[in-house]
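Participant: Chains as they are written, first to last, in our numbering: chain G, 1 to 97; chain S, 1 to 97.
Hints were generated in silico from the structure; no laboratory data involved. Cβ coordinates follow ideal geometry from the N, Cα and C atoms, glycine included. Warning: the hint list may mix true and false statements.
Unchecked claim - Here are some chain S residues the structure puts well away from chain G; computed CB gaps all over 10 Å: (1) G12; (2) G20; (3) R53; (4) I72; (5) I74.
Unchecked claim - Some chain G residues close to chain S (C-beta under 8 Å, calculated; not the full set): (6) V33; (7) I49; (8) I66; (9) L87.
Unchecked claim - Simulated DEER-style distance windows between Cβ atoms: (10) I6(G) with E57(S): 30 to 36 Å; (11) R14(S) with E78(G): 20 to 26 Å; (12) I74(G) with Q77(S): 21 to 27 Å; (13) I6(S) with Q31(G): 16 to 22 Å; (14) G76(S) with I74(G): 17 to 23 Å; (15) E57(S) with Q77(G): 25 to 31 Å; (16) E71(G) with Q58(S): 20 to 26 Å; (17) E71(G) with I72(S): 30 to 36 Å; (18) S68(S) with E29(G): 33 to 39 Å.
In case you want the letters, here they are:
Number of protein chains: 2
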Amino acid sequence: MTEPEILKVAAGSRTTAVAGAIAGMVREEKQVVLQAVGASAVNQAVKAITIARGYLEQDDIELTFIPSFSEIEIDGQERTALRFHVLPHSPRSELST
Amino acid sequence: MTEPEILKVAAGSRTTAVAGAIAGMVREEKQVVLQAVGASAVNQAVKAITIARGYLEQDDIELTFIPSFSEIEIDGQERTALRFHVLPHSPRSELST
Chain G
1 MTEPEILKVA AGSRTTAVAG AIAGMVREEK QVVLQAVGAS AVNQAVKAIT
51 IARGYLEQDD IELTFIPSFS EIEIDGQERT ALRFHVLPHS PRSELST
Chain S
1 MTEPEILKVA AGSRTTAVAG AIAGMVREEK QVVLQAVGAS AVNQAVKAIT
51 IARGYLEQDD IELTFIPSFS EIEIDGQERT ALRFHVLPHS PRSELST
């Protein structure tokens, strides 16, 4: 098991680029954790995961995610980040209950 | 299997109230789908799910969720909503791999 890599998603991140990174890491069986601070960044992170789900359909991999709060420091200030632990599931039928 | 109930989350929704609704529905084994339009609403939805995870820890229920895009009409205009299909898992150990 490798250490999870934390992808920092910003308000200006391109969702398709982040989605491509997620899909690539999932295919390589790496653990993926996204981190976002602020509503716009959180929105980009969720959209990126949604797009990555489409990319991985052909691989028969279903993505779900677990969100958590994380206290981080930015420019000396405490901020609450949202982290998204991406979980690949296969086969899809596991999730249909 | 009941039809999923769609909880509409707005930018001004109280996250703890939405989290309480999610936790209640999951405990009653109802399917939960959240719908959010716009970055602020998406952010509130993700925060509500994260808080609901805390509420359900004592029940030994682990929540994950699947995001999807959904085209909806608001005031005659096409908008893209994000939907979050909440998936309860139990026991927790299933997700620890």
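Participant: Are the hints correct? Go through all of them and say.
Facilitator: Cross-check of the supplied hints:
1. G12: At roughly 12 Å from the nearest Cβ of chain G, G12(S) sits farther out than 10 Å, so the non-interface label holds.
2. G20: Nearest chain G Cβ is 17 Å from G20(S), so the label holds.
3. R53: Nearest chain G Cβ is 7 Å from R53(S), so the label is violated.
4. I72: 15 Å, holds
5. I74: At about 17 Å from chain G, I74(S) clears the 10 Å cut-off, so the statement holds.
6. V33: It is violated, given that the least Cβ distance between V33(G) and chain S is near 14 Å, above 8 Å.
7. I49: Holds. Min distance 6 Å.
8. I66: Hint on I66(G): holds, closest Cβ of chain S at ~5 Å, below 8 Å.
9. L87: 6 Å, holds
10. I6(G) with E57(S): 30 to 36 Å: 23 Å, violated
11. R14(S) with E78(G): 20 to 26 Å: 22 Å, holds
12. I74(G) with Q77(S): 21 to 27 Å: 36 Å, violated
13. I6(S) with Q31(G): 16 to 22 Å: 31 Å, violated
14. G76(S) with I74(G): 17 to 23 Å: 41 Å, violated
15. E57(S) with Q77(G): 25 to 31 Å: 29 Å, holds
16. E71(G) with Q58(S): 20 to 26 Å: 23 Å, holds
17. E71(G) with I72(S): 30 to 36 Å: 35 Å Cβ-Cβ, so the 30 to 36 Å window holds.
18. S68(S) with E29(G): 33 to 39 Å: At 24 Å between Cβs, range violated.
The structure fails to meet hints 3, 6, 10, 12, 13, 14, 18 from the earlier list, while all remaining hints are met.
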